[in-house]
Amino acid sequence: MTTVELLVASAISVLVLGAVLAVVTPVQAVVRAQGDAGDMHQRLRAAADTLTNDVRLAISVRPYRIGAVRDDGLAGVYYRPDTVAVIGTAMTTYYWKRDTLQLMQYDGDRSDLPMIDHVVRLTFDYLAPTSAAGTALVSVDPATLIDGPWTEDATHRRVDVDVLRICEVRISLRLQATAPSLRPLVPDDDVVLHAALRNSLFAR
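Residue 128 in numbering that gives the first Met the number 0 sits at position 129 of the sequence shown; the count goes up by one each step and never skips.
A few of these clues could be false.
[Claimed, not checked] Computed Cβ-Cβ distance ranges for the label pairs, DEER-style:
1) Q41 <-> A142: 34 to 40 Å
2) H155 <-> R44: 18 to 24 Å
3) G17 <-> T177: 27 to 33 Å
4) R120 <-> V160: 27 to 33 Å
5) S110 <-> L56: 17 to 23 Å
6) T99 <-> D146: 29 to 35 Å
7) D70 <-> S171: 21 to 27 Å
8) L192 <-> L14: 50 to 56 Å
9) A8 <-> D189: 52 to 58 Å
10) V68 <-> D116: 18 to 24 Å
Simulated from the structure, these hints should not be mistaken for lab results. Note that beta-carbon positions come from the ideal geometry of N, C-alpha and C, so glycine has one too.
Go ahead and model the full structure; you've got the sequences and the hints to work with.
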């Protein structure tokens with residue numbers, strides 16, 4: 000085999016290898032994207048199930064963090080759009096940690112752990128009856144949840160009376176793909192959930 004023939008054979012091999020890689024690389028990206036999309040749906044389902052189940056079993060909720068550590072009420076903060084404390088047989092606070100993009104779960108004592116990663120949005124909106132129990136539900140203006148009149152709940156915490164009328168929570172959740180390189184292929188996943196408090200005094 001002459002040098003020319005060797006060079007021609009090498010060039011052909013390089014071209015064939017390049018063509019194979021040009022086909023294989025996008026296929027690998029698509030396969031990874033499909034796996035990541037499935038993972039994102041699983042994370043979304045886990046968050047949705049946990050949040051809605053806890054809210055449905057709640058006696059009441061608070062639109063801020065409560066517990067032994069960093070209690071918002073003690074700091075004079077009575078509303079956060081990305082936080083809900085669920086009060087039932089146990090007390091659990093869910094909130095969005097913006098700097099790490101995590102949905103956090105706080106047990107009201109010392110356990111404050113991430114539950115879901117790559118959360119790019121989490122908001123809670125509240126609904127209450129227009130007057131007596133059984134009447135139409137309307138969205139609660141956040142300003143009415145922090146202006147009083149004030150009362151004391153069963154845990155001897157100061158609370159706005161309007162908070163006690165909340166009987167449904169609307170949860171808006173948005174997740175993104177885990178790998179930045181896959182986000183052009185895997186769009187963010189959104190869900191809006193409605194969870195009624197079955198044990199609320201204002202439950203219909």
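Tested hints:
In this structure the hint that Q41 and A142 lie 34 to 40 Å apart at CB holds, the actual value being about 37 Å. A hinted range of 18 to 24 Å is violated for the C-beta pair H155 and R44, which are about 37 Å apart. Distance hint check for G17 and T177: the Cβ-Cβ separation is about 30 Å, which falls inside the suggested range of 27 to 33 Å. R120 and V160 have their C-beta atoms about 30 Å apart, which keeps the hinted 27 to 33 Å range intact.
A hinted range of 17 to 23 Å holds for the C-beta pair S110 and L56, which are about 19 Å apart. Range check, T99 to D146: about 32 Å between beta-carbon atoms, so the 29 to 35 Å window is met. Remark: the range hint 21 to 27 Å for D70 to S171 is upheld by a beta-carbon distance near 25 Å. The supplied range of 50 to 56 Å is met by L192 and L14, whose beta-carbon atoms lie about 53 Å from each other.
Separated by about 54 Å at the C-beta atoms, A8 and D189 satisfy the suggested range of 52 to 58 Å. Taking the beta carbon of each, V68 and D116 are about 22 Å apart, inside 18 to 24 Å as hinted.
Of the hints listed earlier, the one the structure fails to meet is number 2.
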